[in-house]
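Protein chains: 2
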Amino acid sequence: MASSGYHEGDWYKSSKDIQGILLDISGVLYNSSDDGGVAIPGSVQAVNRLKSAGFKVRFCTNETLCTRQVLVTKLTKLGFDIKMEEVFSPIPAVCHVLRQQNLIPHLLVHTDALPDFGDLVSSKASPTCVVIGDCASQFTYDNLNNAFRVLINMEKPALIALGRGKYYKDGGQLNLDVGSFMKVLEYACGCQATVVGKPAESFFMAALNDMEVTPDKAVMIGDDIVNDIGGAQACGIRGLQVRTGKYRPSDEQHPEVRPAGYVDNLADAVDLLLSNR
Amino acid sequence: MASSGYHEGDWYKSSKDIQGILLDISGVLYNSSDDGGVAIPGSVQAVNRLKSAGFKVRFCTNETLCTRQVLVTKLTKLGFDIKMEEVFSPIPAVCHVLRQQNLIPHLLVHTDALPDFGDLVSSKASPTCVVIGDCASQFTYDNLNNAFRVLINMEKPALIALGRGKYYKDGGQLNLDVGSFMKVLEYACGCQATVVGKPAESFFMAALNDMEVTPDKAVMIGDDIVNDIGGAQACGIRGLQVRTGKYRPSDEQHPEVRPAGYVDNLADAVDLLLSNR
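First to last, the sequence lines map onto chains A and B. With the numbering used here as the guide, the letters of the first sequence map in order to residues 1 to 277. With the numbering used here as the guide, the letters of the second sequence map in order to residues 1 to 277.
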């Protein structure tokens, strides 16, 4: 953005030091839709080129509309080289938290994602927290009321949100995301959700630790100015915004978050990274 | 609340000065439910006694699930002496605002309430604002997304909310109210709704002006600690909370709003008012 005094070239000049790349999935690798979605042009090759060049790659997504297995299968069909163990998503993270803290969840999550909760689903005991994930069309008044009633009857309402995104692009249009519905429960119950997934620091750090890369040697590439870029930067990770997915031109005037750089798409980011390798 | 140093007797000691009574409807006059609801014991007689004693009475409701006519008919069937022109509700108020400011609304309101919007419904022009009312089970993902997409595409998102209540009691249980869904749109679009209805000062003042009573000579009786009591008190009107409807014991420890008094129900409030007349 030369007009605002920002030089796009700066972020990758030190790319010889970059060892690890965190990639958002929806809006960066592919555009989702009801029929499986389509790869964003150049993204399949971009992932291959990153891996071939020796970069460590992890996929950091807040996707909770399906199981990780279904997501990986879908992306593999689109041509991506992606393995289950490279995907960091909020459900495994929240399952870890629930087990660690002995919490019994009321799950306001999409039925397609339930298998990833394993035996945490079938608990008969009274819930001690509410977990809200993206439910898309399953965000019904009844489902929201049921979660609300569980929460309002707790002495101290405990709400865990799988991400806090405002909206995402699906089927070519913007759709309300889990964060917007998290606000329903926060407001109605006078509580504040604990977020698992982006932009939680622990979530980014888990992916970095897995590839044994420190924040200063990593780049996060995403389409969400707040949760991808802002979240990564809060951990000391360079954040790069792509102009695909839910990106909107107004993001470039965001009052709080200023990415290390903008690229038109993932392929362009990889071009820049490799050109300086 | 002797324990907290509060004396319940104080609020009506000066009731000789009280000329006008504002009554919330749901949770004060009756408990609503899908089959029409039931009058709260003593409330039908309480309204009659207020009117017989010469008090001016207006009904101040944030009800937007049906037309005013349907509401008045329902309450009349339950035995209440209530006339259309005594009922102040957000839809006539917002229609006035829309006409005055030449706004074209996208309506996220219950279909049963549409007749009260008259010719404002059928406008073919592009909307210049979104109006959100209580939609109950019509708060679907699709309906919320449609309103969201209208709003996010405005240069400056203009959102008008018909009330900002968190929840209400219906069919014996708590249900999410319009304010909780207003938060979806506020968060997703980074805007703040203008509220028409309680607790807006202009709404209370319209009812007071109609009965030609000044705030210091009026009492608001409601079950909503924030919107009924807090809203009225912000206008200089005494606010009295009933322990019916959505009232919860925790309301009596509300961090910001402290009613002039509590009564078990409307009948008790009228007993106290008349005892000092």
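It cannot be assumed that every hint is accurate.
Cβ-to-Cβ under 7 Å is the rule here; a few derived chain A residues that face chain B [said to hold, decoys possible]:
| # | residue |
| --- | --- |
| 1 | R99 |
| 2 | L103 |
| 3 | K183 |
| 4 | Y187 |
Cβ pair distances, simulated, as ranges [as the list claims (entries may be wrong)]:
| # | chain 1 | residue 1 | chain 2 | residue 2 | range |
| --- | --- | --- | --- | --- | --- |
| 5 | B | G172 | A | P249 | 45 to 51 Å |
| 6 | A | Q173 | B | G190 | 17 to 23 Å |
| 7 | A | I104 | B | S250 | 44 to 50 Å |
| 8 | A | Q173 | B | E155 | 15 to 21 Å |
| 9 | A | P255 | B | L274 | 42 to 48 Å |
| 10 | A | G171 | B | T194 | 50 to 56 Å |
| 11 | B | D17 | A | T194 | 24 to 30 Å |
For the record, the hints were derived by calculation from the structure and aren't laboratory data. Note that the Cβ used here is the ideal one computed from N, Cα and C, for glycine as well.
In rising order, the numbers of the hints this structure does not comply with: Of the numbered hints, 1, 2, 7, 9, 10, 11 do not hold.
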